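**Q** What follows is the residue order along each chain.
Number of protein chains: 2
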Amino acid sequence: MNDVVLPNKRPGGRSAQVQALVRTALEQLVAEQGRERVTVPAVAERAGVSASSIYRRWGDLSGLLAETATRRLDPNRPLPNTGALREDLTAWAQELITHLAQPCNTSLLKAAAALANGDSDTDCLRNRRKEALTLVEQARARGEHAPEAQQVIDHLIAPIIFRLVFGGDPVKPELAERLVGELFAMVAATRS
Amino acid sequence: MNDVVLPNKRPGGRSAQVQALVRTALEQLVAEQGRERVTVPAVAERAGVSASSIYRRWGDLSGLLAETATRRLDPNRPLPNTGALREDLTAWAQELITHLAQPCNTSLLKAAAALANGDSDTDCLRNRRKEALTLVEQARARGEHAPEAQQVIDHLIAPIIFRLVFGGDPVKPELAERLVGELFAMVAATRS
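Protein chains in written order, with the numbering used here: chain H, 1 to 192; chain X, 1 to 192.
The hints are simulated quantities; they were obtained by calculation from the structure and are not laboratory data. Any given hint might turn out to be false.
[Stated by the list, open to error] Simulated crosslink set (DSS-like; lysine-lysine; CA at most 27 angstroms straight-line):
1. X:K172 / H:K172
2. X:K172 / H:K130
3. H:K172 / H:K130
4. X:K172 / X:K130
Remember, it's a predicted structure, so these values are computed and weren't measured experimentally.
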């Protein structure tokens, strides 16, 4: 932990504690009142912190919701590296499905969607885009013919998030395998 | 107009007028107060109708938002029928982008996302799924090798909606052409 980069200048332990209190308060309020009724002041009151400390750390309610929905997908966790991009992407997408299909996380994802600022990526999307790029570059370094990171977002991540948010069939980890297969068929066709 | 199927038993003219009042009230309230603060009772009050007439016609706020966001995409409009699925899908997706990229409609789409019931398609998705199926069946009847309707949803509609809701780059009609090209590369690869 490097406290110097934290904007609120509190010691790391206290800062981590505040973050945990805020996330727990958010999850409780969403469960109790529904996601559309939750506000930053209400979260602050429940957590026993000031609203300004929430705005300082997360920017706005959308940032807090998106970060809480995906916080267990630690941006510093090791990504799959099996030696084949197809297996890497499948494992990565399955992890995303398993995480976001949990009802509480789906709720937070929908709330983040409603509040997302169209001009800038949400945290959730920005981190997934970075991860897609890492996996693609890792495969290219091995000499694999790989899709563009943007194609991974459009044809693997977008269908998963779209199904989670707008419903229809339940989203299961098996979906990852089909979508990755379709992405690779697309890449094979543009190779020749 | 067949009044017999209308659940509220009002004459068609009165019913259409009520719908127009409700949609206008919704758009005004979203513009004035932001989408997250709008409720069915508030829309009813502004429109001068009873809340129960809104619940009867649209089910809930999510249904009203989704239907208003896409209402100019009349489900009875003629779909493209150029003689080639590739051109049909491109024109259809471009129409969707042009419509939903308007800020008011993007707002309504995000609000509908937040309130979507994960167990059932929203109006917006259900109508697009029907249209995808119509276009695919039309192409198969001409003897074309066509993707599944589900693939059209996953690889053409999902990336468009995902980009509109979660941001990043602006969504322009040219995107339709690239995505349709990728979908057709995928289908060509699975043909052989």
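**Q** Which of the stated hints cannot be reconciled with the structure, identified by number in ascending sequence?
**A** 1
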